[in-house]
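Here the protein sequences come in this chain order: A and B. The opening residue of the first sequence carries number 1 in the numbering used here; numbering runs sequentially from there. The opening residue of the second sequence carries number 1 in the numbering used here; numbering runs sequentially from there.
Please keep in mind that the hints were generated in silico from the structure rather than gathered at the bench. A virtual CB, placed ideally from N, CA and C, is assigned to each residue, including glycine. Among the hints, a few may not be true.
Computed list of lysine to any residue pairs in SDA-like fashion (alpha-carbon distance at most 25 Å, straight line) [unchecked claim]: (1) Lys44(A) <-> Ser149(B); (2) Lys60(A) <-> Met115(B); (3) Lys44(A) <-> Glu143(B); (4) Lys112(A) <-> Val102(A); (5) Lys189(A) <-> Pro237(A); (6) Lys203(A) <-> Glu175(A); (7) Lys189(A) <-> Ser140(A); (8) Lys53(A) <-> Glu210(B); (9) Lys119(B) <-> Ala51(A); (10) Lys60(A) <-> Glu106(B); (11) Lys133(B) <-> Gln170(B); (12) Lys119(B) <-> Asn61(A); (13) Lys134(A) <-> Arg60(B).
Stretch by stretch, here's where chain B covers chain A in the computed footprint (C-beta under 8 Å, at least three residues) [to be verified]: (14) 46-53; (15) 98-111; (16) 151-157; (17) 165-176.
Chain by chain, the residues run as shown.
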Amino acid sequence: MHRRGVGAGAIAKKKLTEAKYKERGTVLAEDQLAQMSKQLDMFKTNLEEFASKHKQEIRKNPEFRVQFQDMCATIGVDPLASGKGFWSEMLGVGDFYYELGVQIIEVCLALKHRNGGLITLEELHQQVLKGRGKFAQDVSQDDLIRAIKKLKALGSGFSIIPVGGTYLIQSVPAELNMDHTVVLQLAEKNGYVTVSEIKASLKWETERARQVLEHLLKEGLAWLDLQAPKEPHYWLPALFTDLYSQEITAEEAREALP
Amino acid sequence: MLNFTGNAIAKIVVHLHPAPPNKEPGPFQSSKNSYIKLSFREHGQIEFYRRLSEEMTQRRWETMPVSQSLQTNRRPQSGRIRAVGIVGIERKLEEKRKETDKNISEAFEDLSKLMIKAKEMVELSKSIANKIKEKQGDITEDETIRFKSYLLSMGIANPVTRETYGSGTQYHMQLAKQLVGILQVPLEERGGIMSLTEVYCLVNRARGMELLSPEDLVNACKMLDALKLPLRLRVFDSGVMVIELQSHKEEEMLASALETVSEKGSLTSEEFAKLVGMSVLLAKERLLLAEKMGHLCRDDSVEGLRFYPNLFMTQS
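With the rest of the complex left out, here is chain B (with noise of 0.2 Å):
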């Protein structure tokens, strides 16, 4: 019997019936506590109590061969059956846990000892940071790019918000330029627009190692225009961000996404993607897109969200 409570510490109490009288030999005869409990003080008892269920409701142990040890190197031991064989496992599970601990307990200590440094050094951009925001102005272009990369290396976030190019830095700037030689190919292949969860898979697949994290790309992104290259970064009203060629117009597309609606008489976002051979998040964006320029209006039903020509716009 499992029994799974929610309190501020996590427990899990596990009950347990009274030994038949046919039970098998083994580290114990019978326990003088009905129960055991876990106590689960950060994590690991959601897992745990999974497996746990899972182990109860197979009941392997059951099914398993009795170790020949047992049967040969039995001994009472001040009224408690041991085996040979389990005192040697268990101490070679605590030889283990001494040393994992050990090790553990190390790379703890050095951890803190590292994260004090660590914390010193935020202290100090938070202090520069003061500094640059009181002097309004006296601070160098060059002194900003310095103290952003300073801010990248160590993971701080920029608290000081006057920037020229949104909180990217020079390694944002080369990698929005590196961007533009990856993308260019693999957008023209999907018709000059990708989204942004895309570009990162796509990009970080190629890479192997040393890939962006979901930031670096954004930021790289977001420089894309001031840097003049041919690639720019859109946010669509809902939030989804997309890579378009610069020479992709999606203003244009949408003539053309009117007419194979129309062909169809009516098409939902699914069936649009498959048609014209899009994602569907990109599809979804294109029709809702084409329905704020007035070319397409829905029909929201439990069936789903439906588009259709606009005939209040064409036939009055």
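Bound conformation, chain A alone (with noise of 0.2 Å):
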């Protein structure tokens, strides 16, 4: 009797068959990837069409640029990933927002002394607006986001830490945790924080409050005041609205120029 399915000779037909179907496999893939090469090569002439229509709106409306990001991000696209994209390329998106990471580095490695690694977006803001000069291009704080976001990928320490309402901005790799965060926003009110604020607000112990103050101090982003009234306050030079309108001095510029 004939059996099926077994012996050397059914094993070897099984190999062809699937040898055969890897080979319509290898077939497809190539045929994809050709097809792929094509609708490429249409896609960069849509692209190039719209940016000789609209590239200037990009560059000129901060809301249109929050709107085509928006869109790029729902369809699953990153037109900042590189340079050598096409949005990159044909719409001028990457140089507007590598060119201003290299604007926020420096200002923030000008401004480290004062505030630790840590200011507001709005302080970013403005320093990076001085910085560009009257002519410029209006950038808008969605812009630094997006830029400060890219950033993260070269690994210093750049993060955003939402505060009341709007961001600050920590440009250095201090190890901040909830804890820390937290006490950072409970400050963000006054530009300062004291251990019994901490325990009314946060209902914490005293113990885990001092350590996060002390460990704010020791980062160099809180400053302790013991001449304050009642209990030490320990303040944030990163939210201090006085600080805004100060000028990056020429040695805190030479500071930051690589």
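Build the complex from these two chains, which are given one at a time in their own frames, with help from the hints.
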């Protein structure tokens, strides 16, 4: 009797069938790659057309940039991933954000000794605008946030901390966990925070509050005011609104340039 | 009076004082509502609130000269007092708004059409990625490289994890080679080591246009070793990334770091940075590495992080 599906013959036949399927697989991928190449060329043309009509809109209009970025994110495309990408090359979005990145790094470096590497988005915005001069394009806070998100890839500790309706930008690799962040958020109201305030608002034990404050002091993000009435105040220079209008000194600027 | 409520749609409510009896003539004699509500559906409320608060404090409108046209062209029309001057300005603004709106809506339309095509590319790339995953080794190196460059052009993240040079492409390989030329001298000037942030600024400032994205730089640097170039990428425990000359041996710098610290008794990162002429970021990394190797130990207090020679090791 002839048993089907077993024996060397059956195995060899199976292998042959598998190989044929694999071959087809190769052909399919090759086809699709060729198809993608063609579609890519077509897309490039479409993008060029779009750029010729609307490139200015993107450069001049922060709102339009937001729409553009949101749409890209929705479909799973990152127009800022590479300077070699079509978006960058044809729409010029790349240069806009990458240059902004450089300006952000320089401002943060120049002011680091004052605020320990923590700065409000507002102050960063003001200082960047000043650095760009009168004739540069308008940049919005949204633009700054997007540029900073890209800078994270460089590993130097950029992060964005939400506080009281705005954001604190961290530009040094200091370890800040949830406890630190929540105390920063508490301090945002008055620019300083005290142990009693932390205990009252967050219902923490004294020791926990003290540890967080000590860490902020060590990292240079907070300054200790022992002469404050009632109890020591922990001030956050990043939150001093008076510093917004202060110029970056020539020495600070020198420190910032590599 | 201003009120800022944080709801799903941000609103700013501007409360109006009743009109004083000696109010100057203007577009309206009085308002039938006692407040104005501004809704911010998308963005802008924080900036707007700030600027509005500023203006409410400065009250520049109270000191501005009243326009001449107001006096001469007063014509009561259905209970409202309007001035030609202001109407003319309003009309111009309206025209400009319509023109801008037209441009914007055309731009949005074109953008939407473009995005539909872009989405097709994304779908296609996913399908190819799946094929590659299924084939498990039957795709040629060449095909992989082609595919990666297509993804790069579109800004699509690489869905295939099997990669020979990280997520790098031909472009990144070329870039890596270029970096050697650009960075050789600056590195030598800075003691053989630079943080990636410094490199990013230096390279882009030099280029002026066609700038590199942060990811471009990182991907290029990841290929330095594989391409056997005289630079290398190094990642410290803290996550800080640096470029070093291959000839630079950070471990050898530790001996001189120890000497420097010993001479001064103790040093903070800032003090060390100033003495040696390094950035504070890299100075700190060097001291931390020296500590890790047992040459230094720390005194961590609220006054700062200070490093001392590790006498526990040398004097027992």
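Original post:
Can you name, in rising order, the numbers of the hints this structure does not satisfy?
Top reply: none
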